Amino acid sequence: MTNNMTLGQRFLANEWSALAVAILVGLVVLASMSPAFLTEFNLYVMLRSFCVVLIVAFAQMLTLAVGHMNLSVGALGGLVAIAVGGMMEKWGFPVPVAVLAGLAIGAAGGLINGLLTVRTGINGFIITLATASAFTGINLGITESIPFYNLPAGFVAFGTGRLYALPYLLLPPVLIALALAFFLARTVPGRQLLAVGGNPHAAELSGIPRDRVIVMAHTLSGLLAGAAAILAVAQLGSAQPSIGVDWLLMSFAAPIIGGAALTGGHISVAATALAVVLIVIIQNGMVLAKVDPYWVQFLLGALILAAVGLNRLRAVRAGGA
Amino acid sequence: MTLSVSSQSRARPSWLAEQSNLIGLAVIIVLFWVLFTSLAPGFVSSFNLFALSRSLAVDIVIGFSTMVVLATGGMNLAIGSIGVCAVMASGYLMQTIGLPIPVAMALALLLGAFLGWLNGFVIVRSGVNSFIITLASASLFLGGMLILSKAQTFNALPPEIAAFGRMRWGFLSPLLFVALGLGAALIVLFRFTALGREILAAGANPRAAELSGVPVGRAIIIAHTLSGALAASAGLMLVFRLGAAMPSIGQDWLLPSFLAPVLGGTLLAGGFVSVVGTILGALLVTTLRSGLLVMQVGNFWLQLFLGLILLFAVMVDRYRGVYAERRSLGRKNPRQTSGRSA
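Protein chains in written order, with this note's numbering: chain A, 1 to 321; chain B, 1 to 342.
Since the hints were derived computationally from the structure, they do not count as laboratory data. Hints may be right or wrong, so weigh each one.
[As the list claims (entries may be wrong)] To give an idea of the interface, some chain B residues facing chain A are shown, with a C-beta separation under 10 Å as derived from the structure:
hint, residue
1, Gly127
2, Leu135
3, Lys150
4, Leu310
5, Arg318
Just so it is clear, the structure is predicted and the values come from calculations on it, not from any experiment. We put the beta carbon where it would ideally sit given N, CA and C, even for glycine.
Excised from the complex, chain A in its bound form (with noise of 0.2 Å):
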């Protein structure tokens, strides 16, 4: 099927190729109109907000990958931001003690989400839109909306600590980002995941224990946005309870435009960095460009549209050729 296809294309069936152009479009665009672009704060401005939603894309991705979604990402994250000011503060736990715990938390809410979704054989949708409210409820419940702000020196400081244009933020990220890449690769849950989300039928047939992989998926979906949540706690320098509110269109937003597909099993992690990188720059090149921020809303809208309309249009070409 390859050798038939012109350079054309061939480059058009490439995951990445769309969102690379579509970046260095923006870089150059940028770069040529604004001089404050490629300062070396600005840089660090965006590699900084860089950071939160590329964990947050990846804790929906996982579980795009397996055929379900996350609606309680955004949730979870506030609670486990709460939590980790909460005990930082009041209970004056030691950050990797805190850390840890929130992390625990975020996992255990995955859990929750897993073993409610495969038990009872609910739509995941509805079973995470539930724990939602839920998680949130329970947020709202502990803070009554007021943020922790005393936190130790230390953890505020690694949120704002850089290296030249590099953000101290941006190493738990990339950390991430190799591990999953390596995990979805190289492991066997990793490709017992993408098994599952490609064909769950076939996968039970080949002894994959199918529902054990769902659990884990939304387990570690959990997981990631604990990790979010306390990047964004140490970024903010506070710990606010509405930290996962506008996570939701963002966390579909950055895997969708990077390719996955909702039936599950086609996800990937670079494409993904790549859509959140777009995502980024185009966040930026508004605030340069002076532009109203609702514009961002709308673009982000449209760019998913696009987005899907591209791959569609990838389908189909590639099921002609």
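Dock chain B against chain A, hints included.
Just chain B now, with coordinates in the frame of chain A:
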């Protein structure tokens, strides 16, 4: 990809099962009313009943808006965004242009229907899952509205608007009767018209419907158009209630929009709706919200309760489904029980 719970429960529930669900829901609602009334006498004060009837009206119509799309087996995440677009359009038309109220309202409803049509059209033409399309369009519509309105509230609307919102028929707001009237119209649509039947058929089994000559694409587009118009109606009800057109309307509709129909027994998989169930589901949600408010538990824990109730309701529904499946195992082939996205 279908979002089916399982292929067996796609079958329309029996008349008896449907009634038992409605009776169960009604019993739960009565229990909560007894509980709230005994704990907080203010719950049945005429002031609170009036406030309750106003928010019930909105919750019912939001529920309908999701229900008509669930009938086709799809979903509409853009309900809140369509609602707020209609709200801001009505505000602009009345306050800035100075159009008479009925004309402005009609145009706002048309806008809602048009945005819903747009959703349906793109879903049918692209063949992409309605979840993704409406997630994206929700962002698109909301962004467009914010860009155009600059997030400014229209609060110099004609005084008749707020006056109608405050109007009482006995204990109740006339808005509630509007909502019930819409419910009656929907019952007629789904029970007695060919169009309603086509929408349900398209949801129950698209391929079979297509083969038996039902225009499935058209049915889906019409359901989404209807959903848009209903979302706009819910938004306009809030304009009456608040006496202003605010850009923040609709942002918390997602959960209640699914709560009411799902509690009421409407199937996510499509093919079956319960209008009365949706009304009762909305009543349960409004009762809880109002009761917790009167008991001063506050809004903070409300979210937790709503989430747990939704979980409880879908699980009860699921186990009822399993029971029904077991009973019908002798007749039906249970082979396909595990749907792909279960």
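At a threshold of 10 Å, is the proposed contact between Leu310 of chain B and chain A supported by beta-carbon distances? OK, holds: Leu310 of chain B within 10 Å of chain A, min 4 Å.
Hint validation: Arg318 of chain B versus chain A, beta carbon distance must be below 10 Å. Holds or violated? OK, holds: Arg318 of chain B within 10 Å of chain A, min 5 Å.
Given Lys150 of chain B as an interface hint, is its Cβ closer than 10 Å to any Cβ of chain A? holds (8 Å)
Min Cβ distance, Gly127 of chain B to chain A: is it shorter than 10 Å? holds (7 Å)
Quick one, is the Leu135 of chain B hint okay against chain A at 10 Å, beta carbons? With Cβ-Cβ at 6 Å, under 10 Å, it holds.
Hint violations for this structure: none, all hints satisfied.
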